[in-house]
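J.: The listed protein sequences correspond, in order, to chains A and B. Each residue of the first sequence is one higher than the last, beginning at 1 in our numbering. Each residue of the second sequence is one higher than the last, beginning at 1 in our numbering.
Hints in this document: simulated from the structure, not taken from any laboratory. Possibly wrong hints are sitting among the right ones.
Unchecked claim - Heads up, incomplete: computed chain B residues facing chain A, CB under 7 angstroms, no partners named:
#, residue
1, Pro74
2, Ile75
3, Ala80
4, Ile97
5, Tyr125
6, Pro155
7, Gly178
8, Gly179
From a predicted model like this one, the values you see are computed outputs, not experimental measurements. Just so you know, even glycine gets a beta-carbon here, dropped at the ideal spot from N, CA and C.
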Amino acid sequence: MSAVWLVVLVVGAATVALKATGPVLLGNRELPEPVARVVALLGPVLLSALVVTQTVGGDNELVLDARLAGVGAGAVAIAARAPCPRWSSPPRSPPPSRGSFSEPRPVPGVHSMVFDRPQSRWFSAEVSLA
Amino acid sequence: MRAAIAVAATVWFFGASFGLLARAAGMGVLAPLVLSSTTFAGSAQFAVSSILGVGGGTFAAITAAVLLNTRYAPISISVARLFHGPRLRRLLESQLIVDESWALSSRGAGRYDRRLLLGAGVVLYAAWVSGTAVGVLAGDALGDPKSLGLDGAFPALFLALLVPQLRAPRALLAALVGGAIALVLIPVTPPGTPIVAASAACLLGLRRGDA
Chain A
1 MSAVWLVVLV VGAATVALKA TGPVLLGNRE LPEPVARVVA LLGPVLLSAL VVTQTVGGDN
61 ELVLDARLAG VGAGAVAIAA RAPCPRWSSP PRSPPPSRGS FSEPRPVPGV HSMVFDRPQS
121 RWFSAEVSLA
Chain B
1 MRAAIAVAAT VWFFGASFGL LARAAGMGVL APLVLSSTTF AGSAQFAVSS ILGVGGGTFA
61 AITAAVLLNT RYAPISISVA RLFHGPRLRR LLESQLIVDE SWALSSRGAG RYDRRLLLGA
121 GVVLYAAWVS GTAVGVLAGD ALGDPKSLGL DGAFPALFLA LLVPQLRAPR ALLAALVGGA
181 IALVLIPVTP PGTPIVAASA ACLLGLRRGD A
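If we strip away everything but chain B, and leave its shape as in the complex, we get:
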């Protein structure tokens, strides 16, 4: 959970940055807050604010954001067995899934820690929404987190969480194939698509055998 709190501080700055950009893009005060509360996914929200900010159009903003968030279908499937009880409860709890809470709760070999997924999710949700609120209200007083070098922090975190999962040869192979698919598709497909396409690499699991 300590790791989750460290991540939450970074997420808060990005939330504030989103609020700032959304306000500058003419989204007002309430709409960015509603977007942060319902979408709770940084990259898609930044895409929305930047596209609306340059007058890029409703359809373009929706398409980009939904494509970016399509990865949550495979991500939520990977943790589906942690969710029990009535459908409404599963629906509400699933909203705490975000890249960072999902990655932090990952234990390797397809196992995830439910309490860490939901606990980190709550902390990150609070950080994201409160950061957004401060961003839309405070304006330019806050700096750009990218200028602080914070945008390198998330991929480094994901790498640190990935490495311990690569001990099984099959997992290593799947991760390499998935990474390669993403790398090749980045220049030729819309953002978001490379991650979804990379999930095809998990079909390597259809082969029989222990590893």
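Same shape as in the complex, but just chain A:
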């Protein structure tokens, strides 16, 4: 087996296993409350780390380049038009079911994020700015 195929197969198998970690080991069960609180914070923590590493991350160094300007412009856009992505109040009753590829349905009782026009406009403006 060539070196290329060895890399492809090992990396592929490892990634399949890593992505399956949570769903295969922890799916079908409710977590104890303290663990659930820790897991709930994984979202903001990992998003924050992704923002940092993808904005200034280099090969063992911090790199300040156009990415930083792009993300800075994005931060300004978010601050300037604050409800973006806008927050919608939950409806009284659950909306009718739609296909899997429709807009996300708001969860009753939970404020949910709705991607509407401002979000899309902002994102396309960002792509050209960055």
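Since the structure of chain A is already known, use the hints to place chain B on it.
T.: Relative to the frame of chain A, chain B by itself:
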């Protein structure tokens, strides 16, 4: 889902870029496609093609890619409760988890939209694999997405998805600590490690209290 389609267009260009680089790195046609189909994670695949391209060795390529993808352990744990049914089904569905589908499906306070996670995952998977196919076959006709400034798009998207999640003081504190850990570790650890280490900040959730 509209946001997912906008993201998919960018992902397609990066897939094409990966295919192009992988071909130039001597990986042939089939191997990059198999890598995109099984790994489905941009940064690790770019690491593989660039390390093999400069003759960096099998071990280095595997280590870098696996380290980069270690973040999928905590990411997949965060959405584990969305997955039900037989083990094989959970295994297959979990392969649709990728940074962007996970981030788009995030609703704050530890909630995620299962249909958006899987729906966006399918669209992005199709974009990534088809982009790779075009890249390995089309060659230099396509430009470098980095020269188009597209590499600033993903962190800006993640930031836009992060901000609405920071209303709870505890989430804000955890995000700041996690970001700080990542920032400090970028210069001193291999790529991939800072994100995994940053997930330690979610231990702030062990404290009792509402926020």
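J.: Taking the hints in turn, state whether each one holds.
T.: So, going through the hints one by one against the coordinates:
For B:Pro74, the interface hint holds, the least distance from its beta-carbon to any beta-carbon of chain A being 5 angstroms, beneath 7 angstroms. For the restraint placing B:Ile75 at the interface with chain A, the shortest Cβ-Cβ distance is roughly 6 angstroms, inside the 7 angstroms limit, so the hint holds. Checking B:Ala80 against chain A: minimum C-beta separation of about 3 angstroms stays under 7 angstroms; hint holds. Because the beta carbon of B:Ile97 sits about 5 angstroms from the nearest beta carbon in chain A, less than 7 angstroms, this interface hint is met.
Restraint check, B:Tyr125 versus chain A: the minimum CB separation of about 12 angstroms is more than 7 angstroms; hint violated. The beta carbon of B:Pro155 comes within 4 angstroms of a beta carbon in chain A, closer than 7 angstroms, and the hint placing it at the interface holds. Hint status for B:Gly178 relative to chain A: holds, with the closest Cβ pair at about 4 angstroms, below 7 angstroms. Here the hint on B:Gly179 is kept, as its CB sits about 4 angstroms from the closest CB of chain A, short of 7 angstroms.
In this structure, the one hint that does not hold is number 5.
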